[in-house]
Amino acid sequence: MRLLLVEDYKPLQKSIAMGMREAGFAVDVTGDGEEGFWYANSNDYDVIILDLMLPKMDGLTILRKLRKNEVSTHVLILTAKDQLDDRLEGLNSGSDDYMVKPFAFSELLARVQSLVRRKYKDKTPIVEIGDLKVNTLSQQVWRGEEEIVLTQREYTLLEYLLRRRGEVVSRTDIWDHVYDFHSSATSNVVDVYIGYLRKKIHKAELPTLIHTIRGKGYTLKAQS
Amino acid sequence: MNHSLKTRLLIGTVVGMAAIPLIIGAIIYSIVNRSLLDSFDKNLHSSSKNLYSRVHQQNGRIHAEWDAANLSNYQIGQHPDYFQLYTNDGQVVARSPSLGQGTLSPIDMSQGNLAYQNLTLPNGQNGRLICLEFLPHFDPDNDEEENGDFFENEEEMNAFPKPKHDRRDNDEHDEDDEDDEDEDDEDEDERNTNEDRAEDHLEELDREFREFSNYHEILAERIDYLAGVMHRLAEREKAQKNDQNIARDLLIQRVGEEVKLASLSLNELENRHEEWERLEEKHDEGDFIDRKEAFIEGFKKQTKTVTALIQGATRALRNLMKEHRQLFSHLKNQRQEPLILIVARESTELQSQLRLLQILLLSGALATVLLAFGVGYTVVNRGLRPLNQLAKEIEGIHSRSLGERIELAGLPVEMLPVGERLNQLLDRLQEAFQRERRFSADVAHELRTPIAGLLSLIEVTAMRKRKEEEYKETLDDCFEISQGMQKVVSSLLLLDKLETRQIPMVPQSCSSRELIEKSWVAFSEQAQTKELQFTNHIAPTHSLDADPEILRMVISNLLSNAVEHTDHRGSLEISERGPHGLSFRNSGCQLSQVSVERVFDRFWRGDCARGQTGQHSGLGLALVQRAISALGGQVEARLSGKDGFVIEIILPPTRTNASW
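Note that the protein sequences, when read in sequence, are chains A and B.
Sequential numbering from 0 applies to the first sequence in numbering that gives the first Met the number 0.
Sequential numbering from 0 applies to the second sequence in numbering that gives the first Met the number 0.
Heads up, a few of these hints could be off.
With a cut-off of at most 27 Å between alpha-carbon atoms, the simulated DSS-like pairs for lysine-lysine come out as follows [claimed, not checked]:
(1) A/64 x A/118
(2) A/9 x B/464
(3) A/132 x B/464
(4) B/486 x A/13
(5) A/55 x B/486
(6) B/466 x A/13
(7) B/486 x B/496
(8) A/132 x A/202
(9) A/9 x B/529
(10) A/9 x B/471
(11) B/466 x A/9
(12) A/55 x B/641
(13) A/132 x A/118
(14) A/55 x B/529
(15) A/118 x A/67
(16) B/464 x A/199
(17) B/529 x A/13
(18) B/486 x A/9
(19) B/300 x A/13
(20) A/13 x B/471
Far from chain B by the CB rule (all over 12 Å, computed), these chain A residues [stated by the list, open to error]:
(21) 163
(22) 211
(23) 221
Hint data in this document are derived by calculation from the structure and do not stem from the laboratory.
C-beta: ideal position from N, C-alpha, C; glycine also.
Input sequences plus hints: build the corresponding full structure.
Printed below as a string of structure tokens:
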């Protein structure tokens, strides 16, 4: 899942980005309003965490411009403005959630994950497909009774496929949602990681879950 | 304790209004009471006068000449009057029948000879008595009458009987005494020899005898009278005399004896009447006429003697009486002992009248008090209504509705200043509240962000086990954030102190150039990094009058701000602005005219100042402005040229303004 953090206060940038990455997100960070808008407008993020008081362009302006450009990415406003008027204005400008600083990171994470679930129309954090079970909160994966240990990147890939289970997911989609701008990977790295993932979740006696649709991409399905 | 204005006014009104009828009532009551009592007492006095005016003292005895009409009120009856008469030494002389077994005791009359007092009468009713001391009428002992008798009888006694023939014969006997008459009688005896003449002579002798007899009766009466007077005189002297006067006693005794002697002599004469009778029987004898003549002669002599005796006694007695009167006249009044009369009468009617008056006056006063209370309550309530309304209006204003104002239109003139002041107060209060709210919102915001940073950093770091370097990095970040927060807090405290003028300032002359050069040291490294061009145009002689610490803080903040906002390879110039001012100019300003006006606001930051780790709190220029204001100076920010930004501070010329 790919996340954009627009926050000008460095310690928060740092901590939220770190926490989110460790929670399986690909995170892009910017402290500049204009840059934030440009990122959000040109990329398909799953969630945007948006501060309101920003240099060059304030958060509400970014939000309104995005909505005007029909960017429907879920936006969570994270701000020190705690007055009711501020919260109402933030929500009514098109945001999906509103959080006041200071905050508990776990709550921010839960809200972000909730927004992700909403985007992919999941209701619970535990997703099952066939005999594959994934806890999106604890990032635990089971095949049958057996728990499978995945690397961060493998898990991010699995979760994205899982969110879009049954659909054909193109390599570009995977690239966009699993890798941030800091990733210095090339495009065939997706195939490499799909290979790793297949190897880990594949069991000889169990049916295959990740299928390759030639010329289009991959799909995660219980039955072929 | 808080006192109620309403209660005060009410009590004042009621007491004030009640005092008037009470005082008037008391005056009326005392006047009427006195006049009723006076008239009652006057009546009582006149009744007592009726009694005492008829009390007499005679011969040491007191007797009252009261008739039935005088005493009719004092009989036993329904509402009788009472009296009791005492002598001075407390002996009851007389008392009214109505008293029965009761008694009226004399009261203290030290104030005079008259006193009134209330008492309970023998019949149990309330009454009032008059107690008075008086002198009874003194009746003298008929002395004058006696004197009169004396003189009258004396004249009578002078008409001593005289034989007619003597008068005719002898002229020299006319007016003279008895001796002459004696001679006439002797002549008569020699001449009368003739029968006829003898007959006439006899007749004349009989007549003479009768005349003498009559005269003797007069004399006897006279002696009786003298004896009576004598007796009374003796008695009175005995009773009245205080000191013994032996000479006078002897005199009285001698006069008494004279009278007695006269009486005896007269008795003897009376006895001779029988002798005359016996002589009559012997009228046949020849010497009858002679013997008769001789008898008459003797009779006459003896009569003369007795008369002389009586006259002497009378004279002596008269003298005694005269002396007596002289001696005892002064005792007359002393003997008049004062008496004490007490007359009492029922006063129930008087008292019931007074009671009625009391009730009328008191109920009048009570009604006035109630009326006063009612009127006072209404008036006070109505009068204080605007006050209550004002209180209610004020009560309705709380910190969330400071925009409300007191309606001045309906206020009475006296309360208009109060309302106006309250509104002014509310204006200031609202302004202060808004400022404080904005400020606390700012503070909350400014502190909330670093706190969020701290919490987030710590929470994320603690989410899993990490390498030592990562922990160290987090700790460094946290330390930096905390430093930033500490700086914000210090700045806020300093701001507050500057605004509330809690910092003691000791202005002194400071060399501007030196101060700037010293402060620049802290920024020179940063300036070198940015390759800034720093120019200090201040002359070494230029100086500012201000507290050096505050001035250093101001300059340091201005330099910090300038270095921070000057563009790379930009310029920073400091020059004089008059004798008491400095001007800081830096290039690279990206502020708009609107933004320039806000540079002194607390927590306001230009865009480029954001996003750091809290080193730029947005309080620096705010501090500068408050400090210059505290020093009594002025500070101004403006744009200059293409990208120039200028801040000018001007301090007051004298240090007096800076002192506080």
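Taking the hints in turn, this is what the structure says about them:
1. Between residue 64 of chain A and residue 118 of chain A, the direct Cα distance comes to roughly 20 Å. Compliance with the 27 Å bound is thereby established for this hinted pair.
2. Under the criterion of a C-alpha separation no larger than 27 Å, the hint pairing residue 9 of chain A with residue 464 of chain B is consistent with the structure, at around 23 Å.
3. Our distance criterion of 27 Å between C-alpha atoms is met by residue 132 of chain A and residue 464 of chain B, whose separation comes to about 26 Å.
4. With a CA separation close to 22 Å, the supplied pair residue 486 of chain B and residue 13 of chain A stays within the 27 Å bound.
5. The suggested pairing of residue 55 of chain A with residue 486 of chain B holds, with an alpha-carbon distance near 26 Å, which does not exceed 27 Å.
6. Of the supplied pair hints, the one linking residue 466 of chain B and residue 13 of chain A holds, its CA atoms being roughly 16 Å apart against a limit of 27 Å.
7. Proximity of residue 486 of chain B to residue 496 of chain B is assessed by CA-CA distance (about 15 Å); at most 27 Å being required, the pair is judged to hold.
8. Between residue 132 of chain A and residue 202 of chain A, the direct Cα distance comes to roughly 14 Å. Compliance with the 27 Å bound is thereby established for this hinted pair.
9. Restraint check: the Cα-Cα separation between residue 9 of chain A and residue 529 of chain B comes to about 21 Å, which is no more than 27 Å; the hinted pair holds.
10. The suggested pairing of residue 9 of chain A with residue 471 of chain B holds, with an alpha-carbon distance near 17 Å, which does not exceed 27 Å.
11. Restraint check for residue 466 of chain B and residue 9 of chain A: satisfied, since their Cα atoms lie roughly 21 Å apart, inside the 27 Å limit.
12. Of the pairs offered as hints, the one joining residue 55 of chain A and residue 641 of chain B holds, with about 20 Å between alpha carbons and a cut-off of 27 Å not exceeded.
13. Distance restraint check for residue 132 of chain A and residue 118 of chain A: the Cα-Cα separation of roughly 20 Å lies within the 27 Å cut-off, and the hinted pair is therefore satisfied.
14. Of the supplied pair hints, the one linking residue 55 of chain A and residue 529 of chain B holds, its CA atoms being roughly 22 Å apart against a limit of 27 Å.
15. Proposed proximity of residue 118 of chain A and residue 67 of chain A is supported: the alpha carbons are some 19 Å apart, at most 27 Å.
16. At roughly 25 Å between alpha-carbon atoms, residue 464 of chain B and residue 199 of chain A fall within 27 Å of each other, so this suggested pair holds.
17. Distance restraint check for residue 529 of chain B and residue 13 of chain A: the Cα-Cα separation of roughly 26 Å lies within the 27 Å cut-off, and the hinted pair is therefore satisfied.
18. Taking the CA atoms of residue 486 of chain B and residue 9 of chain A, the gap is about 17 Å. The hint holds against a cut of 27 Å.
19. Restraint check for residue 300 of chain B and residue 13 of chain A: the C-alpha separation of about 189 Å exceeds 27 Å, so the hint is violated.
20. A distance of roughly 14 Å separates the Cα atoms of residue 13 of chain A and residue 471 of chain B; the hinted pair therefore holds under the 27 Å criterion.
21. At the 12 Å boundary, the C-beta of residue 163 of chain A stays outside the reach of chain B, the nearest C-beta of that chain being 27 Å off.
22. Non-interface call for residue 211 of chain A relative to chain B: holds, since the shortest CB-CB distance, roughly 34 Å, exceeds 12 Å.
23. With 12 Å as the threshold on Cβ separation, the claim that residue 221 of chain A sits away from chain B holds: the shortest Cβ distance comes to roughly 33 Å.
In this structure, the one hint that does not hold is number 19.
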